[in-house]
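Note that my numbering numbers the sequence shown so that position 360 is 360, with each residue one more than the last.
Treat the hints as calculated values from the structure; they're not laboratory data. The C-beta atom is built at its ideal place from N, Cα and C for all residues, glycine as well. Mixed in with the good hints there might be a few duds.
[Said to hold, decoys possible] Below, in silico cross-link-like pairs of lysine-lysine (DSBU-like), each with a Cα-Cα straight-line distance of 30 Å or less:
#, residue 1, residue 2
1, K254, K244
2, K254, K110
3, K110, K244
4, K244, K46
5, K46, K110
6, K43, K244
[Claimed, not checked] Label pairs and their computed distance ranges (CB to CB):
#, residue 1, residue 2, range
7, N311, F383, 18 to 24 Å
8, N140, F53, 39 to 45 Å
9, L392, G37, 49 to 55 Å
10, L215, T393, 38 to 44 Å
11, L170, Y137, 48 to 54 Å
12, V122, S295, 45 to 51 Å
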Amino acid sequence: MATAAPKDDTKISGHNDLAPTNSYIDGEVLDAGIDYGYFNASKFTKFYRSVLFQMILLGLLSCVGPAMSDAISNLGGGGLSTPYLANLATSLNYTAGCLLTLFGGPLINKFGIKWSCIIAAVGMPLSGSAYYVCAKYRVNWYLIFAKILTGFTYGFLYVAESTAMLSYPLANDRGFYLGVWSAMRNSGSVIGGAINFSNNHSDSKAGGVAWSTYLVFIAFECTGLVWAFLLSPTRRVRRHDATKVAMSERASWKQEFAALWKHLQRKKTKRAWISFACWLIPQAACFIWIGIEYSKFGGSKLENALDYETNTRRWVEAYLPYLIMQSTSYVCQLSLYWILGTFSTDAGSSARSGGLLRAFETAGQTVSYAINSHSGSDARIPFYVHAAILCLTIPCMVFLIRLVPEAPAATDIDVEPVIDSPANKQVD
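Kindly produce the complete structure, drawing on both the sequences and the hints.
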(Lines of atoms letter the chains of each structure in order from A and count residues from 1; the text may use other names and numbers.)
(Lines give C-alpha, C1' and ligand atoms only; values in the text may rest on other atoms or scores of the structure.)
Protein backbone atom coordinates (compact mmCIF):
# COMPACT_ATOMS: atom_id res chain seq x y z
CA MET A 1 0.00 0.00 0.00
CA ALA A 2 1.27 3.46 -0.81
CA THR A 3 2.70 5.51 2.02
CA ALA A 4 0.57 8.29 3.46
CA ALA A 5 0.93 11.60 1.69
CA PRO A 6 -0.08 15.07 2.80
CA LYS A 7 -3.66 15.89 1.93
CA ASP A 8 -4.17 17.65 -1.41
CA ASP A 9 -0.65 16.78 -2.57
CA THR A 10 -0.91 13.36 -4.20
CA LYS A 11 -3.52 11.27 -6.01
CA ILE A 12 -3.51 7.60 -5.13
CA SER A 13 -5.31 5.36 -7.56
CA GLY A 14 -6.59 2.11 -6.14
CA HIS A 15 -5.85 -1.05 -8.13
CA ASN A 16 -7.56 -3.69 -6.03
CA ASP A 17 -10.28 -2.26 -3.83
CA LEU A 18 -11.27 0.86 -5.78
CA ALA A 19 -13.21 1.30 -8.98
CA PRO A 20 -10.92 2.24 -11.88
CA THR A 21 -12.78 5.50 -12.46
CA ASN A 22 -12.23 6.79 -8.92
CA SER A 23 -9.25 8.57 -7.38
CA TYR A 24 -8.74 9.18 -3.67
CA ILE A 25 -6.81 11.46 -1.35
CA ASP A 26 -6.85 10.18 2.26
CA GLY A 27 -10.12 8.43 1.50
CA GLU A 28 -11.79 11.40 -0.22
CA VAL A 29 -13.12 11.10 -3.75
CA LEU A 30 -11.73 13.97 -5.80
CA ASP A 31 -12.61 13.48 -9.43
CA ALA A 32 -16.00 13.39 -11.15
CA GLY A 33 -18.59 11.11 -9.63
CA ILE A 34 -20.41 10.58 -6.36
CA ASP A 35 -18.72 10.96 -2.99
CA TYR A 36 -20.49 8.25 -0.98
CA GLY A 37 -18.67 9.30 2.17
CA TYR A 38 -20.54 12.60 1.99
CA PHE A 39 -23.79 10.82 2.91
CA ASN A 40 -22.26 9.77 6.25
CA ALA A 41 -20.77 13.19 7.03
CA SER A 42 -22.09 15.36 9.85
CA LYS A 43 -24.82 17.91 9.20
CA PHE A 44 -22.30 20.70 9.74
CA THR A 45 -19.93 19.25 7.13
CA LYS A 46 -22.73 18.74 4.64
CA PHE A 47 -23.85 22.34 5.00
CA TYR A 48 -20.32 23.74 5.06
CA ARG A 49 -19.41 21.96 1.80
CA SER A 50 -22.81 22.50 0.18
CA VAL A 51 -23.48 24.60 -2.90
CA LEU A 52 -25.99 26.64 -0.89
CA PHE A 53 -23.38 27.74 1.65
CA GLN A 54 -20.93 28.64 -1.13
CA MET A 55 -23.62 30.78 -2.79
CA ILE A 56 -24.36 32.49 0.54
CA LEU A 57 -20.67 33.28 1.04
CA LEU A 58 -20.32 34.58 -2.53
CA GLY A 59 -23.44 36.66 -1.97
CA LEU A 60 -21.93 38.12 1.20
CA LEU A 61 -18.70 38.90 -0.65
CA SER A 62 -20.63 40.71 -3.37
CA CYS A 63 -22.72 42.49 -0.72
CA VAL A 64 -19.77 43.90 1.25
CA GLY A 65 -17.62 44.44 -1.84
CA PRO A 66 -19.00 45.63 -5.20
CA ALA A 67 -22.47 46.31 -3.76
CA MET A 68 -21.07 48.55 -1.02
CA SER A 69 -18.91 50.30 -3.59
CA ASP A 70 -22.01 50.85 -5.75
CA ALA A 71 -23.90 52.09 -2.69
CA ILE A 72 -21.22 54.74 -2.14
CA SER A 73 -21.48 55.75 -5.81
CA ASN A 74 -25.26 55.94 -5.42
CA LEU A 75 -24.81 58.59 -2.75
CA GLY A 76 -24.40 60.93 -5.72
CA GLY A 77 -20.81 61.28 -6.86
CA GLY A 78 -19.67 59.05 -4.02
CA GLY A 79 -21.15 61.45 -1.48
CA LEU A 80 -18.63 64.15 -2.40
CA SER A 81 -19.70 67.76 -2.86
CA THR A 82 -19.26 67.43 -6.65
CA PRO A 83 -19.74 64.18 -8.61
CA TYR A 84 -17.25 64.56 -11.45
CA LEU A 85 -14.09 63.22 -9.79
CA ALA A 86 -16.03 60.27 -8.34
CA ASN A 87 -17.56 59.44 -11.73
CA LEU A 88 -14.12 59.55 -13.35
CA ALA A 89 -12.71 57.27 -10.65
CA THR A 90 -15.61 54.84 -11.03
CA SER A 91 -15.15 54.80 -14.79
CA LEU A 92 -11.48 53.88 -14.34
CA ASN A 93 -12.53 51.25 -11.80
CA TYR A 94 -14.74 49.48 -14.34
CA THR A 95 -12.08 49.86 -17.03
CA ALA A 96 -9.62 47.98 -14.83
CA GLY A 97 -12.27 45.37 -14.07
CA CYS A 98 -12.97 44.92 -17.77
CA LEU A 99 -9.28 44.35 -18.55
CA LEU A 100 -8.96 41.76 -15.78
CA THR A 101 -12.14 39.85 -16.61
CA LEU A 102 -11.16 39.54 -20.28
CA PHE A 103 -8.43 37.17 -19.12
CA GLY A 104 -10.30 36.06 -16.01
CA GLY A 105 -10.90 32.51 -17.20
CA PRO A 106 -7.22 31.48 -17.30
CA LEU A 107 -6.53 33.37 -14.05
CA ILE A 108 -9.37 31.71 -12.14
CA ASN A 109 -8.42 28.29 -13.47
CA LYS A 110 -4.87 28.81 -12.20
CA PHE A 111 -5.55 30.49 -8.84
CA GLY A 112 -8.86 28.81 -8.03
CA ILE A 113 -12.14 30.35 -6.92
CA LYS A 114 -11.30 30.59 -3.22
CA TRP A 115 -7.95 32.35 -3.61
CA SER A 116 -9.37 34.66 -6.26
CA CYS A 117 -12.03 35.73 -3.77
CA ILE A 118 -9.35 36.28 -1.12
CA ILE A 119 -7.46 38.56 -3.52
CA ALA A 120 -10.67 40.49 -4.13
CA ALA A 121 -11.42 40.75 -0.40
CA VAL A 122 -7.99 42.26 0.33
CA GLY A 123 -8.81 45.21 -1.92
CA MET A 124 -12.37 45.82 -0.71
CA PRO A 125 -11.61 48.33 2.11
CA LEU A 126 -9.65 50.52 -0.31
CA SER A 127 -12.86 51.76 -1.94
CA GLY A 128 -14.45 53.18 1.21
CA SER A 129 -11.15 54.50 2.55
CA ALA A 130 -10.47 56.33 -0.72
CA TYR A 131 -13.73 58.28 -0.49
CA TYR A 132 -13.08 59.02 3.19
CA VAL A 133 -9.58 60.37 2.52
CA CYS A 134 -10.80 62.38 -0.47
CA ALA A 135 -13.73 63.91 1.44
CA LYS A 136 -11.84 64.73 4.63
CA TYR A 137 -8.30 65.50 3.43
CA ARG A 138 -8.92 66.39 -0.26
CA VAL A 139 -6.39 63.78 -1.45
CA ASN A 140 -7.76 63.23 -4.94
CA TRP A 141 -4.97 61.04 -6.31
CA TYR A 142 -5.64 58.34 -3.71
CA LEU A 143 -9.25 58.05 -4.87
CA ILE A 144 -8.13 57.49 -8.47
CA PHE A 145 -5.40 55.02 -7.45
CA ALA A 146 -7.64 53.03 -5.09
CA LYS A 147 -10.50 52.75 -7.58
CA ILE A 148 -8.16 51.48 -10.31
CA LEU A 149 -6.62 48.93 -7.94
CA THR A 150 -10.00 47.73 -6.65
CA GLY A 151 -11.13 47.43 -10.26
CA PHE A 152 -8.47 44.78 -10.81
CA THR A 153 -9.17 42.99 -7.51
CA TYR A 154 -12.94 43.05 -8.04
CA GLY A 155 -12.29 41.50 -11.45
CA PHE A 156 -11.14 38.35 -9.66
CA LEU A 157 -14.42 38.25 -7.71
CA TYR A 158 -16.54 38.90 -10.81
CA VAL A 159 -15.09 35.90 -12.63
CA ALA A 160 -14.93 33.67 -9.54
CA GLU A 161 -18.60 34.14 -8.66
CA SER A 162 -19.61 33.73 -12.30
CA THR A 163 -17.66 30.47 -12.49
CA ALA A 164 -19.25 29.17 -9.29
CA MET A 165 -22.77 30.08 -10.38
CA LEU A 166 -22.36 28.39 -13.74
CA SER A 167 -20.63 25.21 -12.54
CA TYR A 168 -21.53 24.51 -8.90
CA PRO A 169 -25.33 23.92 -9.00
CA LEU A 170 -27.11 21.18 -10.88
CA ALA A 171 -28.88 22.43 -14.00
CA ASN A 172 -32.33 22.19 -12.39
CA ASP A 173 -31.17 24.08 -9.28
CA ARG A 174 -29.22 26.86 -10.97
CA GLY A 175 -32.12 29.34 -11.03
CA PHE A 176 -32.66 29.02 -7.26
CA TYR A 177 -28.99 29.55 -6.41
CA LEU A 178 -28.73 32.47 -8.82
CA GLY A 179 -31.69 34.01 -7.01
CA VAL A 180 -30.01 33.53 -3.61
CA TRP A 181 -26.80 35.16 -4.81
CA SER A 182 -28.61 38.01 -6.58
CA ALA A 183 -30.80 38.78 -3.55
CA MET A 184 -27.81 38.94 -1.22
CA ARG A 185 -25.75 40.95 -3.67
CA ASN A 186 -28.47 43.54 -4.18
CA SER A 187 -29.17 43.78 -0.45
CA GLY A 188 -25.91 45.72 -0.29
CA SER A 189 -27.60 48.69 -1.95
CA VAL A 190 -30.42 48.52 0.62
CA ILE A 191 -27.92 48.41 3.49
CA GLY A 192 -25.96 51.25 1.91
CA GLY A 193 -29.09 53.37 1.65
CA ALA A 194 -29.90 52.67 5.30
CA ILE A 195 -26.36 53.67 6.33
CA ASN A 196 -26.62 56.90 4.38
CA PHE A 197 -30.04 57.77 5.80
CA SER A 198 -29.12 57.01 9.41
CA ASN A 199 -26.01 59.21 9.23
CA ASN A 200 -27.37 62.11 7.20
CA HIS A 201 -31.16 62.33 7.70
CA SER A 202 -30.89 65.31 10.08
CA ASP A 203 -28.65 67.38 7.79
CA SER A 204 -30.57 69.48 5.26
CA LYS A 205 -27.55 71.38 3.87
CA ALA A 206 -26.27 70.79 0.35
CA GLY A 207 -22.88 69.18 -0.12
CA GLY A 208 -21.18 65.90 0.74
CA VAL A 209 -22.28 63.28 3.25
CA ALA A 210 -20.99 63.02 6.82
CA TRP A 211 -17.48 61.58 7.05
CA SER A 212 -18.65 58.92 9.51
CA THR A 213 -20.76 57.45 6.69
CA TYR A 214 -17.63 56.20 4.96
CA LEU A 215 -16.30 54.59 8.15
CA VAL A 216 -19.40 52.38 8.37
CA PHE A 217 -18.91 51.32 4.74
CA ILE A 218 -15.24 50.52 5.45
CA ALA A 219 -16.26 48.34 8.41
CA PHE A 220 -18.54 46.27 6.18
CA GLU A 221 -15.86 45.99 3.49
CA CYS A 222 -13.33 44.68 6.02
CA THR A 223 -15.50 41.61 6.65
CA GLY A 224 -14.83 40.40 3.10
CA LEU A 225 -11.75 38.40 4.15
CA VAL A 226 -13.84 36.42 6.66
CA TRP A 227 -16.31 35.27 4.00
CA ALA A 228 -13.54 34.55 1.49
CA PHE A 229 -11.59 32.28 3.86
CA LEU A 230 -14.78 30.38 4.72
CA LEU A 231 -15.21 29.30 1.09
CA SER A 232 -14.48 25.67 0.28
CA PRO A 233 -12.06 24.80 -2.54
CA THR A 234 -13.94 23.70 -5.63
CA ARG A 235 -12.72 20.10 -5.31
CA ARG A 236 -14.42 19.85 -1.89
CA VAL A 237 -17.79 21.33 -2.84
CA ARG A 238 -20.64 18.80 -2.90
CA ARG A 239 -24.11 19.10 -4.37
CA HIS A 240 -27.13 17.84 -2.44
CA ASP A 241 -26.93 14.47 -4.25
CA ALA A 242 -23.23 14.12 -3.23
CA THR A 243 -21.96 14.71 -6.76
CA LYS A 244 -18.87 16.81 -7.28
CA VAL A 245 -18.26 19.80 -9.54
CA ALA A 246 -16.89 18.73 -12.93
CA MET A 247 -13.25 19.74 -13.19
CA SER A 248 -10.66 19.30 -15.90
CA GLU A 249 -6.98 18.60 -15.37
CA ARG A 250 -4.85 21.62 -14.65
CA ALA A 251 -3.52 23.20 -17.85
CA SER A 252 -0.45 25.35 -18.41
CA TRP A 253 -0.68 29.10 -18.96
CA LYS A 254 -0.13 28.56 -22.69
CA GLN A 255 -2.92 25.99 -22.83
CA GLU A 256 -5.26 28.24 -20.82
CA PHE A 257 -4.87 31.20 -23.18
CA ALA A 258 -5.10 28.91 -26.20
CA ALA A 259 -8.35 27.56 -24.75
CA LEU A 260 -9.61 31.12 -24.19
CA TRP A 261 -8.96 31.96 -27.86
CA LYS A 262 -10.71 28.75 -28.94
CA HIS A 263 -13.62 29.57 -26.61
CA LEU A 264 -14.03 32.96 -28.31
CA GLN A 265 -14.36 31.26 -31.71
CA ARG A 266 -16.64 28.34 -30.68
CA LYS A 267 -20.33 28.31 -31.76
CA LYS A 268 -22.52 27.56 -29.01
CA THR A 269 -35.23 27.24 -26.90
CA LYS A 270 -38.36 28.28 -25.56
CA ARG A 271 -37.23 29.13 -21.99
CA ALA A 272 -34.39 31.35 -23.25
CA TRP A 273 -36.77 33.31 -25.49
CA ILE A 274 -39.19 33.84 -22.60
CA SER A 275 -36.43 35.12 -20.30
CA PHE A 276 -35.26 37.46 -23.08
CA ALA A 277 -38.75 38.91 -23.51
CA CYS A 278 -39.21 39.32 -19.75
CA TRP A 279 -36.58 42.04 -19.58
CA LEU A 280 -36.47 43.40 -23.13
CA ILE A 281 -40.14 44.46 -23.34
CA PRO A 282 -40.19 46.40 -20.02
CA GLN A 283 -36.82 47.99 -20.81
CA ALA A 284 -37.93 49.12 -24.27
CA ALA A 285 -41.18 50.49 -22.85
CA CYS A 286 -39.25 52.45 -20.22
CA PHE A 287 -36.98 54.00 -22.85
CA ILE A 288 -40.06 55.28 -24.65
CA TRP A 289 -41.46 56.49 -21.33
CA ILE A 290 -38.26 58.36 -20.46
CA GLY A 291 -38.14 59.90 -23.93
CA ILE A 292 -41.65 61.27 -23.38
CA GLU A 293 -40.63 62.67 -19.98
CA TYR A 294 -37.61 64.40 -21.51
CA SER A 295 -39.82 65.92 -24.21
CA LYS A 296 -41.87 67.64 -21.50
CA PHE A 297 -38.84 69.75 -20.64
CA GLY A 298 -38.44 70.92 -24.24
CA GLY A 299 -35.14 71.18 -26.06
CA SER A 300 -33.43 73.38 -23.49
CA LYS A 301 -30.73 72.15 -21.15
CA LEU A 302 -32.09 70.21 -18.17
CA GLU A 303 -31.21 72.21 -15.06
CA ASN A 304 -34.28 72.05 -12.82
CA ALA A 305 -34.69 69.13 -10.42
CA LEU A 306 -38.01 67.64 -9.31
CA ASP A 307 -38.83 67.51 -5.61
CA TYR A 308 -41.00 64.62 -4.44
CA GLU A 309 -42.83 66.89 -1.97
CA THR A 310 -43.62 69.87 -4.18
CA ASN A 311 -43.81 67.99 -7.51
CA THR A 312 -45.03 64.59 -6.33
CA ARG A 313 -46.86 63.58 -9.52
CA ARG A 314 -44.08 64.62 -11.88
CA TRP A 315 -41.49 63.04 -9.60
CA VAL A 316 -43.32 59.69 -9.59
CA GLU A 317 -43.67 59.81 -13.39
CA ALA A 318 -39.93 60.34 -13.72
CA TYR A 319 -38.92 57.80 -11.07
CA LEU A 320 -41.09 54.82 -12.02
CA PRO A 321 -39.29 53.98 -15.30
CA TYR A 322 -35.98 54.08 -13.43
CA LEU A 323 -37.36 51.64 -10.84
CA ILE A 324 -38.67 49.29 -13.55
CA MET A 325 -35.38 49.38 -15.45
CA GLN A 326 -33.39 48.63 -12.30
CA SER A 327 -35.64 45.66 -11.48
CA THR A 328 -35.62 44.18 -14.98
CA SER A 329 -31.85 44.63 -15.26
CA TYR A 330 -31.50 41.96 -12.57
CA VAL A 331 -33.81 39.70 -14.60
CA CYS A 332 -31.49 40.31 -17.56
CA GLN A 333 -28.48 39.39 -15.45
CA LEU A 334 -30.05 36.15 -14.22
CA SER A 335 -31.18 35.15 -17.72
CA LEU A 336 -27.69 35.67 -19.13
CA TYR A 337 -26.14 33.47 -16.46
CA TRP A 338 -28.75 30.81 -17.11
CA ILE A 339 -28.12 30.90 -20.87
CA LEU A 340 -24.34 30.66 -20.40
CA GLY A 341 -24.87 27.74 -18.04
CA THR A 342 -26.53 25.76 -20.84
CA PHE A 343 -23.28 25.53 -22.81
CA SER A 344 -21.09 23.73 -20.27
CA THR A 345 -21.06 22.66 -16.61
CA ASP A 346 -17.28 22.31 -16.44
CA ALA A 347 -15.60 24.76 -14.04
CA GLY A 348 -12.81 25.67 -16.48
CA SER A 349 -15.15 26.44 -19.36
CA SER A 350 -17.50 28.32 -17.03
CA ALA A 351 -14.61 30.50 -15.86
CA ARG A 352 -13.95 31.66 -19.41
CA SER A 353 -17.65 32.24 -20.15
CA GLY A 354 -18.21 34.11 -16.90
CA GLY A 355 -15.07 36.18 -17.36
CA LEU A 356 -16.09 37.34 -20.83
CA LEU A 357 -19.60 38.17 -19.59
CA ARG A 358 -18.27 40.29 -16.74
CA ALA A 359 -15.80 41.96 -19.11
CA PHE A 360 -18.62 43.30 -21.26
CA GLU A 361 -20.63 44.22 -18.16
CA THR A 362 -17.79 46.28 -16.71
CA ALA A 363 -17.15 47.84 -20.13
CA GLY A 364 -20.74 49.09 -20.08
CA GLN A 365 -20.22 50.57 -16.62
CA THR A 366 -17.06 52.25 -17.90
CA VAL A 367 -18.98 53.99 -20.68
CA SER A 368 -21.78 54.95 -18.29
CA TYR A 369 -19.55 56.70 -15.76
CA ALA A 370 -17.18 58.15 -18.37
CA ILE A 371 -19.92 60.13 -20.13
CA ASN A 372 -21.03 61.52 -16.76
CA SER A 373 -17.57 62.45 -15.47
CA HIS A 374 -17.47 66.09 -16.59
CA SER A 375 -19.67 69.08 -15.89
CA GLY A 376 -21.75 70.92 -18.45
CA SER A 377 -22.86 67.87 -20.42
CA ASP A 378 -26.46 67.42 -21.52
CA ALA A 379 -28.34 64.90 -19.36
CA ARG A 380 -29.93 63.46 -22.52
CA ILE A 381 -26.62 62.20 -23.94
CA PRO A 382 -26.33 59.16 -21.60
CA PHE A 383 -29.95 58.32 -22.44
CA TYR A 384 -29.25 58.35 -26.18
CA VAL A 385 -26.11 56.22 -25.74
CA HIS A 386 -27.99 53.73 -23.56
CA ALA A 387 -30.83 53.46 -26.07
CA ALA A 388 -28.37 52.84 -28.91
CA ILE A 389 -26.60 50.09 -26.96
CA LEU A 390 -29.94 48.41 -26.18
CA CYS A 391 -30.75 48.33 -29.89
CA LEU A 392 -27.38 46.69 -30.58
CA THR A 393 -27.98 43.99 -27.97
CA ILE A 394 -31.17 42.71 -29.60
CA PRO A 395 -29.57 40.99 -32.64
CA CYS A 396 -26.74 39.75 -30.41
CA MET A 397 -29.21 38.11 -28.01
CA VAL A 398 -31.16 36.57 -30.89
CA PHE A 399 -27.94 35.06 -32.24
CA LEU A 400 -26.92 33.80 -28.78
CA ILE A 401 -30.27 32.15 -28.05
CA ARG A 402 -30.19 30.35 -31.39
CA LEU A 403 -26.93 28.71 -30.27
CA VAL A 404 -28.35 27.34 -27.00
CA PRO A 405 -27.73 23.55 -27.04
CA GLU A 406 -30.15 20.86 -25.98
CA ALA A 407 -27.80 19.74 -23.21
CA PRO A 408 -24.65 21.32 -21.71
CA ALA A 409 -21.23 19.77 -22.20
CA ALA A 410 -19.90 18.04 -19.10
CA THR A 411 -16.24 18.55 -20.00
CA ASP A 412 -14.03 21.46 -21.01
CA ILE A 413 -14.10 21.12 -24.78
CA ASP A 414 -11.89 24.17 -25.41
CA VAL A 415 -8.70 23.13 -23.67
CA GLU A 416 -6.36 20.61 -25.28
CA PRO A 417 -6.01 17.26 -23.44
CA VAL A 418 -3.16 17.16 -20.96
CA ILE A 419 -1.15 14.17 -19.79
CA ASP A 420 -2.06 13.18 -16.24
CA SER A 421 0.85 13.81 -13.90
CA PRO A 422 1.43 15.20 -10.41
CA ALA A 423 2.18 18.61 -11.95
CA ASN A 424 -1.17 18.69 -13.73
CA LYS A 425 -3.51 18.14 -10.79
CA GLN A 426 -6.22 20.76 -10.23
CA VAL A 427 -5.61 22.96 -7.20
CA ASP A 428 -9.14 24.26 -6.84
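Results of checking the hints against the structure:
1. K254 - K244: holds, 27 Å
2. K254 - K110: holds, 12 Å
3. K110 - K244: holds, 19 Å
4. K244 - K46: holds, 13 Å
5. K46 - K110: holds, 27 Å
6. K43 - K244: holds, 18 Å
7. N311 - F383: 18 to 24 Å: holds, 20 Å
8. N140 - F53: 39 to 45 Å: holds, 41 Å
9. L392 - G37: 49 to 55 Å: holds, 51 Å
10. L215 - T393: 38 to 44 Å: Holds, since L215 and T393 (Cβ atoms, about 40 Å apart) stay within the stated range.
11. L170 - Y137: 48 to 54 Å: holds, 51 Å
12. V122 - S295: 45 to 51 Å: holds, 48 Å
Violated hints are absent here; each numbered hint is respected by the structure.
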